[in-house]
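Same order as they appear, the protein sequences are chains A and B.
Its first residue numbered 1, the first sequence is counted upward by one per residue in the working numbering.
Its first residue numbered 1, the second sequence is counted upward by one per residue in the working numbering.
Just to be clear, a hint being listed does not mean it is correct.
[Unchecked claim] Covered stretches of chain A (in silico footprint by chain B; criterion: 3 or more residues with CB under 8 Å from a CB of chain B, positions within the stretch not fixed):
#, segment
1, 49-58
2, 107-118
3, 149-163
4, 267-279
5, 289-299
6, 309-316
Note that these hints are calculated values from the structure, not bench results.
Beta carbons are placed, not taken as given, at the ideal position from N, Cα and C, and that holds for glycine.
2 protein chains.
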Amino acid sequence: MRIFHTDDSSFQREFTAILERSDMDIEQVTPIVMQIIDEIKKEGDDALYRHIAKFDGWEPKSSEDLRIDAALMQKAYENLDEKLRAALHLAYERIKAYHEKQMPKSWNDFEENGTILGQKVTPVERAGLYIPGGKAAYPSSLLMNAIPAIVAGVKDIVVTTPTPNNEPNELLLAACHLCGIEKVYKVGGASAVAALAYGTQTIEKVDVITGPGNIFVATAKKLVYGEVNIDMIAGPSEIGIIADESANPRFVAIDLLSQAEHDEMASSILITTSATLAKNVSSEVVKFLQNLQRREIAQKSIDERGAIIVTQCMEEAIDLMNQIAPEHLEIMTQNPFTLLPKIKNAGAIFLGDNTPEPIGDYIAGPNHTLPTGGTARFYSPLSVEHFLKKSSIISFSCQAMQDIGEAAAILAHTEGLEAHAKSIEIRLKK
Amino acid sequence: MRIFHTDDSSFQREFTAILERSDMDIEQVTPIVMQIIDEIKKEGDDALYRHIAKFDGWEPKSSEDLRIDAALMQKAYENLDEKLRAALHLAYERIKAYHEKQMPKSWNDFEENGTILGQKVTPVERAGLYIPGGKAAYPSSLLMNAIPAIVAGVKDIVVTTPTPNNEPNELLLAACHLCGIEKVYKVGGASAVAALAYGTQTIEKVDVITGPGNIFVATAKKLVYGEVNIDMIAGPSEIGIIADESANPRFVAIDLLSQAEHDEMASSILITTSATLAKNVSSEVVKFLQNLQRREIAQKSIDERGAIIVTQCMEEAIDLMNQIAPEHLEIMTQNPFTLLPKIKNAGAIFLGDNTPEPIGDYIAGPNHTLPTGGTARFYSPLSVEHFLKKSSIISFSCQAMQDIGEAAAILAHTEGLEAHAKSIEIRLKK
Chain A
1 MRIFHTDDSS
11 FQREFTAILE
21 RSDMDIEQVT
31 PIVMQIIDEI
41 KKEGDDALYR
51 HIAKFDGWEP
61 KSSEDLRIDA
71 ALMQKAYENL
81 DEKLRAALHL
91 AYERIKAYHE
101 KQMPKSWNDF
111 EENGTILGQK
121 VTPVERAGLY
131 IPGGKAAYPS
141 SLLMNAIPAI
151 VAGVKDIVVT
161 TPTPNNEPNE
171 LLLAACHLCG
181 IEKVYKVGGA
191 SAVAALAYGT
201 QTIEKVDVIT
211 GPGNIFVATA
221 KKLVYGEVNI
231 DMIAGPSEIG
241 IIADESANPR
251 FVAIDLLSQA
261 EHDEMASSIL
271 ITTSATLAKN
281 VSSEVVKFLQ
291 NLQRREIAQK
301 SIDERGAIIV
311 TQCMEEAIDL
321 MNQIAPEHLE
331 IMTQNPFTLL
341 PKIKNAGAIF
351 LGDNTPEPIG
361 DYIAGPNHTL
371 PTGGTARFYS
381 PLSVEHFLKK
391 SSIISFSCQA
401 MQDIGEAAAI
411 LAHTEGLEAH
421 AKSIEIRLKK
Chain B
1 MRIFHTDDSS
11 FQREFTAILE
21 RSDMDIEQVT
31 PIVMQIIDEI
41 KKEGDDALYR
51 HIAKFDGWEP
61 KSSEDLRIDA
71 ALMQKAYENL
81 DEKLRAALHL
91 AYERIKAYHE
101 KQMPKSWNDF
111 EENGTILGQK
121 VTPVERAGLY
131 IPGGKAAYPS
141 SLLMNAIPAI
151 VAGVKDIVVT
161 TPTPNNEPNE
171 LLLAACHLCG
181 IEKVYKVGGA
191 SAVAALAYGT
201 QTIEKVDVIT
211 GPGNIFVATA
221 KKLVYGEVNI
231 DMIAGPSEIG
241 IIADESANPR
251 FVAIDLLSQA
261 EHDEMASSIL
271 ITTSATLAKN
281 VSSEVVKFLQ
291 NLQRREIAQK
301 SIDERGAIIV
311 TQCMEEAIDL
321 MNQIAPEHLE
331 IMTQNPFTLL
341 PKIKNAGAIF
351 LGDNTPEPIG
361 DYIAGPNHTL
371 PTGGTARFYS
381 PLSVEHFLKK
391 SSIISFSCQA
401 MQDIGEAAAI
411 LAHTEGLEAH
421 AKSIEIRLKK
């Protein structure tokens, strides 16, 4: 792996490239995606059939062809290997328990003059989950998107997933059965996002769309944002690791590779105070790579987008990592918890030697749908909040109105809004 | 006002028009806005100067010309009329108190085998508030956008506001001083949004942009979404009122007009179980309109976008209102609180005779930046949450890894991700 020292003259240039790692070329695919959306809006199911024939190699003839039968999902679940089924159940339970802790409560607050102020929390009516299919069909994606919606109390959950050659992924079907999801449609890409956002004869319009996807899916989500809500616009996966001389170089190396194997575009960055660790990790990466199934992908990712940065001190390491704002952040130092207050930007933070990032992908409990490309500066992990919305509650008594109505009327007059003022003034006792 | 009965044959057509009230023509202005954004990205301040000369009628020559001097803001505050200043302070305190109650806490949760799971809450580094200027410069907009950011703990708050003829609105300046905001730039429209999203020599790039604006601002916010976060894409203001025969028709009428006076595009909808109330409200609206300062605007809004709907029963009224998903919802019935569980979609809910919507615009405490055009189906009021982001926290002990590591490795193998599995397996004791 490439090793940079922060006092190298070329460092700033290299670091800028890391910061700009995620420039997705959304603008370039926008015209294509706009046309796909337009066709779905105008033609509904007919456009869906056509797009599926073009992209997935089979041709649905009717509404029923689009939907996956519940019996198929049940069968896929029953056919699961015993150990795998137990693992999925453990994942389900742990993910559910974590997301239940996130649930906000409606609240009211009372003032003695009769004022009641509060906030009502309500689930959205209908949620659309986009789950990748084909090669990258991960049952864990279904769990991580469906469970927050279920915990939030969404009554109507719709899943869309591309199904090349009309051959659904068995694991995905099993996971749908496990989550009790009944509406699963075999459609992917920008067409699926458009169908969820605007509705077709078969697929009902939803209120929020979540889930990962390629650049066409990401672009479609951006274009329909506002018509519906979305979780985030996500790009390739990433890991940042902060380590000191106490870290185990084998652990650091395999954790970097566990991101690199996802995607040639994935970024794996180690920032360490120890030049010795840097060297040792680099050679462990070479060793692990030799026998990796997904070696080609991982090698390319590590060569082109991997980096080890050696800093002067831990403060510098943290500052650089906050600028990177990684999707996943591992901290492998003597006492990782003491660094937490200084970590500002990271999707998920994994602390200590025994917490490799993949444990969070599957089973720890927190969501694995996380902000990428530096967007952890402002986005949060997928959570129950994405499936809820809030309404403010305001109730004034006659006394409360007498107490503060005049001040409100003064402000209304100041802003030149007479009817605003009047609606208050006719309620004031003279 | 037009009165519809739900059993009229034409009702569904009229109601569909109400549901589609907000179709903002974002697509039409997109090319113009894209070019504005592009110029700001490429030329920075130079493009800002040019756009200001074109749209606001004065030409800044330097970075200092763009920024409003803190002394000016202090002076504007000191020049305030005594009563107005007191009203602003009361508004500030009440808005602050409400938003403090919204603050989520970071949390950790512990399992006996040494697992720690949690969620860290961190304010964004820098927030950009877009505040309309000129005619519609409202100090209340500044308060409602700045206070949630302040309460959330945002250190760096940047305000942009269009300043026609280089004449800043004194009230806005005073409100900035009251909120302790130091960075205020005289730039508006899509240019301001682009400057906040991408940064220029003078204006620093922010993490989140909030605030109201016209269609150019709304479109720019949509286009930069993903580069930064935004609060929502907002359209014209609206009120929905649910009332039974107990409601005071004068109160209902003036509250409808308080929205109508905002904008010809504003919608004011009453849904009532009482045909008598419908008739009385309609004539009260006519009476109030005669003497209203902003009569022309209000009249046009009421004529073209106002409606009174008479339903068979309260359940039907609520169902229709949930479909409308209004920005503001007033409930004026015998016992309004009992209807709350059934209200699914509304930005803010005002309960009872003494709670006119304008009390929420200024001084009650909850935010007045609310989802419009039916987006209350999925958007929430502006809140501290818009200025915060979360990071998941995961820490496993050696024992925790032994307990559930194997299940995670099974899932990783199932998904064909060998390095994921390996990063877990090398931590398991054989």
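To see whether the hints hold, each was checked on the structure:
no. : hint    : in the structure
1   : 49-58   : violated (count 0)
2   : 107-118 : holds (count 5)
3   : 149-163 : violated (count 0)
4   : 267-279 : violated (count 0)
5   : 289-299 : holds (count 4)
6   : 309-316 : violated (count 0)
Hint violations for this structure: numbers 1, 3, 4 and 6, all remaining hints satisfied.
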